[in-house]
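A.B. asks: Listed below are the residues making up each chain.
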Amino acid sequence: MATIIIPTPLRKFTNNTSKLEVKSATIEESIKELSLNFPDLKKHLLDDTGKLRSFVNIFVGDDDIRDLDNVHTKLSDNAVVSIVPAIAGGASDQTFTKEELARYNRHIIIPDFGLEAQKKLKASKVLVIGSGGLGSPVLLYLAAAGVGTIGIVDFDVVDDSNLQRQVLFGVNEIGKPKVEAAKRRLESLNPHIEIKLYNTQLTSKNALEIIKDYDVVADGTDNFPTRYLVNDACLLLDKPNVYASIFQFEGQVSVFNYVNKDGERGPNYRDLYPTPPPAGLVPSCAEGGVLGVLPGIIGSLQASEVIKVITGVGEPLNGRFFIFDALNFETRTFKIKPREDNPVSGKNPTITMLIDYEQFCGVKAVEKPIKEITADELYNWQVTGEKFQLIDVREPDEYEIVNIGGELIPLGTITDNADKIDRDKKVVIHCKVGGRSAKAIRELEEKFGFDNLYNLKGGIFAYIDEVEPELTKY
Amino acid sequence: MIVIEPKAKRSMAADAVNTFPDECCGFLFGIEKGNDRFITDILIVNNAKEGDKKRRFEISAKDYLKAERYADENGLQLLGIYHSHPNHPAIPSEHDRVAAQPWFSYVIVSVLEKKLGRIRSWRLNEEQQFEEEQIPDYQFI
Numbered sequence: 001m002a003t004i005i006i007p008t009p010l011r012k013f014t015n016n017t018s019k020l021e022v023k024s025a026t027i028e029e030s031i032k033e034l035s036l037n038f039p040d041l042k043k044h045l046l047d048d049t050g051k052l053r054s055f056v057n058i059f060v061g062d063d064d065i066r067d068l069d070n071v072h073t074k075l076s077d078n079a080v081v082s083i084v085p086a087i088a089g090g091a092s093d094q095t096f097t098k099e100e101l102a103r104y105n106r107h108i109i110i111p112d113f114g115l116e117a118q119k120k121l122k123a124s125k126v127l128v129i130g131s132g133g134l135g136s137p138v139l140l141y142l143a144a145a146g147v148g149t150i151g152i153v154d155f156d157v158v159d160d161s162n163l164q165r166q167v168l169f170g171v172n173e174i175g176k177p178k179v180e181a182a183k184r185r186l187e188s189l190n191p192h193i194e195i196k197l198y199n200t201q202l203t204s205k206n207a208l209e210i211i212k213d214y215d216v217v218a219d220g221t222d223n224f225p226t227r228y229l230v231n232d233a234c235l236l237l238d239k240p241n242v243y244a245s246i247f248q249f250e251g252q253v254s255v256f257n258y259v260n261k262d263g264e265r266g267p268n269y270r271d272l273y274p275t276p277p278p279a280g281l282v283p284s285c286a287e288g289g290v291l292g293v294l295p296g297i298i299g300s301l302q303a304s305e306v307i308k309v310i311t312g313v314g315e316p317l318n319g320r321f322f323i324f325d326a327l328n329f330e331t332r333t334f335k336i337k338p339r340e341d342n343p344v345s346g347k348n349p350t351i352t353m354l355i356d357y358e359q360f361c362g363v364k365a366v367e368k369p370i371k372e373i374t375a376d377e378l379y380n381w382q383v384t385g386e387k388f389q390l391i392d393v394r395e396p397d398e399y400e401i402v403n404i405g406g407e408l409i410p411l412g413t414i415t416d417n418a419d420k421i422d423r424d425k426k427v428v429i430h431c432k433v434g435g436r437s438a439k440a441i442r443e444l445e446e447k448f449g450f451d452n453l454y455n456l457k458g459g460i461f462a463y464i465d466e467v468e469p470e471l472t473k474y
Numbered sequence: 475m476i477v478i479e480p481k482a483k484r485s486m487a488a489d490a491v492n493t494f495p496d497e498c499c500g501f502l503f504g505i506e507k508g509n510d511r512f513i514t515d516i517l518i519v520n521n522a523k524e525g526d527k528k529r530r531f532e533i534s535a536k537d538y539l540k541a542e543r544y545a546d547e548n549g550l551q552l553l554g555i556y557h558s559h560p561n562h563p564a565i566p567s568e569h570d571r572v573a574a575q576p577w578f579s580y581v582i583v584s585v586l587e588k589k590l591g592r593i594r595s596w597r598l599n600e601e602q603q604f605e606e607e608q609i610p611d612y613q614f615i
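Each protein sequence line maps, in turn, to chains A and B. Oh and the first sequence: position 195 is 195 in this note's numbering, straight run, nothing missing. Quick note: to get this note's numbering, add 474 to the position in the second sequence (first position is 1).
Hints were generated in silico from the structure; no laboratory data involved. Given the structure is predicted, the values throughout are model-derived calculations rather than measurements. Honestly, I wouldn't trust all of these hints.
Claimed, not checked - Calculated cross-link-like contacts (lysine to aspartate or glutamate; reagent style EDC-like; alpha-carbon spacing at most 16 Å): (1) A:Lys19 / B:Asp546; (2) A:Lys19 / B:Glu542; (3) B:Lys540 / A:Asp62.
Stated by the list, open to error - Partial selection, computed: residues in chain B whose CB lies under 8 Å from chain A: (4) Arg530; (5) Tyr538; (6) Glu542; (7) Glu547; (8) Gln551; (9) Leu552; (10) Ile555; (11) His557; (12) His559; (13) Pro560; (14) His562; (15) Ser567; (16) Ala573; (17) Gln575; (18) Trp577.
As the list claims (entries may be wrong) - Output of the computed footprint for chain B on chain A, the stretches with three or more beta carbons under 8 Å from beta carbons of chain B: (19) 2-15; (20) 53-65.
Beta carbons: idealized from backbone N, C-alpha and C, even for Gly.
Use the sequences and the hints to build the structure in full.
C.D. replies: This is the structure:
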């Protein structure tokens, strides 16, 4: 009688017996004999057609029956037959799990998109700089769409004034770091992607190190120094930069440093704006305000361009500059071209490494908050006889057109006239919409230590709108 | 529940990390009490897969027989298989399921760029589908 050794995983079908005696003279017969005695064992040895399963090996002594007479191998009386399960497996080489395929179905069924584009999204790494107004829709849509790795750079914490447009966050996140709040939200939106956080300010020191690992950058910053920094870092590292910006009712979008199918490199931010505007002239959203839904519109366009750049589907907004005016519902698209005198990407580059962008733009990337007063509050002070000094930092010809009785000290001369500014009572400083007066306050605070200065929010324009609508706007 | 003794867990994790970017594999030994398994010993074997070992493993019949003998000689039970998933989660793939044996525990060690990831254990149910077996922290037993 031959002995059959049953492998451990199959012993539950043989009443936990490891060795069985069989009377049969061949392998084939002995398997039949086993199947008859232990019906549950049969399906683990034979397939539906009665053939030995491919992952079951049978050894007689030390020899594989495949090297002998296969199932017809004869058994001697003292033969020892071992059933050896083939042990194999491995990590999945399918790019998508069932859940992912279900999730991305509406992408995959678009004829011009398909599984190929979805695979590219999953393999891609996108760095989103700024997780505020623009960053919120960009991050939400890129995460939902299945971008495999998303990096987020932001040093800020969630403030209650953010919630009007930064739809990533809710009241429970106020005071928490934006990147962490964003990560939680995005992970609950799509567990199949990876989120990397950089809870820091992007600077000339860390920008190359952070950006180098990504395929595409989406710039949603709110200040000029960081804008130029992101642009230059993308040029130095050869990364496409999907740009968007917003102010009040207007938004802009473009794709910079994009290399098309013919290998031609498109223009970048410095081709559009060779130099930053004079410091303080253009207020930021924090100073000038923004319609809450605007970043939702513009950030969604930005996310759409990121997806097109990654997948190669469609024609990205390369060499073109898109402007949307929500107030009049007007859109325009301009053509832009690379400039030969571009100091980074032109014929004779003079900038070959990152520079000091705060110095270049004449402003700090991160400003400390200044005290503010609204037009309504100013009017209240005026009618209640509150003692204060009012200073207008616009230019004399602007003052000619309209003024509200402030003392004229243009921004350029403010530090020379610091002695004219009161230290004993409150001082309200204004300009047209609030940018230049904020700059004046910062200079006075930094250089002369004033602590009694208030910026008129929205400038003389806000005052005209809210208090004296009969005055002229220019 | 499957309890893995720290020494066995360490050897398994070290094998997974050292074999990266390829998949490693080996056997699990121990005792079974009711529905609970206690892994006390492992046997590291060669990944016999010809070709791409980054995504596949295979254990030769000779090594399987060696494992059965090892269990007999040491008075232990052969309770399952471990293998690694380099840069993939510790979740069984379709390749794992199709080739899986009943009753065995399949412990998967995830390794992400040379760093140890999660270790999870799985067993086939009656419908030939994997169900997770909890691996409690050893110190709490």
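A.B. asks: None of the hints should be skipped; say for each whether it holds.
C.D. replies: Checked hints:
Taking the CA atoms of Lys19 (chain A) and Asp546 (chain B), the gap is near 12 Å; set against the 16 Å cutoff, the hint holds. For a cut-off of 16 Å, the pair hint linking Lys19 (chain A) to Glu542 (chain B) stands: about 12 Å separates their Cα positions. Note on Lys540 (chain B) and Asp62 (chain A): the hinted pairing holds, with a Cα-Cα distance of about 11 Å set against a maximum of 16 Å. Proximity of Arg530 (chain B) to chain A holds as hinted, the smallest CB-CB distance being about 4 Å (cut-off 8 Å).
For the restraint placing Tyr538 (chain B) at the interface with chain A, the shortest Cβ-Cβ distance is roughly 5 Å, inside the 8 Å limit, so the hint holds. Among the interface hints, the one on Glu542 (chain B) holds; its C-beta lies about 7 Å from the nearest C-beta in chain A, closer than the 8 Å criterion. Interface hint status for Glu547 (chain B): violated, as the beta-carbon distance to the closest one in chain A is roughly 14 Å, over 8 Å. Taken as an interface hint, Gln551 (chain B) checks out: its beta carbon lies about 7 Å from the nearest beta carbon of chain A, inside 8 Å.
A cut of 8 Å between beta carbons decides the hint on Leu552 (chain B): the least distance to chain A is about 4 Å, and the hint holds. At its closest, the beta carbon of Ile555 (chain B) sits 6 Å from a beta carbon of chain A; the interface hint therefore holds under the 8 Å criterion. At a threshold of 8 Å, the smallest CB-CB gap from His557 (chain B) to chain A is about 6 Å, leaving the interface hint in force. The interface hint given for His559 (chain B) is met, as the beta carbon of that residue sits about 4 Å from the closest beta carbon of chain A, less than 8 Å.
Residue-level restraint check for Pro560 (chain B) holds (minimum Cβ-Cβ distance to chain A is 7 Å; threshold 8 Å). For the restraint placing His562 (chain B) at the interface with chain A, the shortest Cβ-Cβ distance is roughly 4 Å, inside the 8 Å limit, so the hint holds. For Ser567 (chain B), the interface hint holds, since its Cβ comes within 8 Å of a Cβ in chain A; the closest pair sits about 4 Å apart. For Ala573 (chain B), the suggested interface contact is upheld, since its CB lies about 4 Å from the closest CB of chain A, less than 8 Å.
Because the closest C-beta pair between Gln575 (chain B) and chain A is about 4 Å apart, less than 8 Å, the hint holds. This hint holds: Trp577 (chain B) has a C-beta 4 Å from the nearest C-beta of chain A, less than the 8 Å allowed. Note: the stretch 2-15 of chain A has 7 residues with beta-carbon separation from chain B under 8 Å; the three-residue rule is met and the coverage holds. Residues of the stretch 53-65 of chain A with a Cβ under 8 Å from some Cβ of chain B number 4, which satisfies the need for three, so the listed coverage holds.
Of the numbered hints stated above, the single one contradicted by the structure is hint 7.
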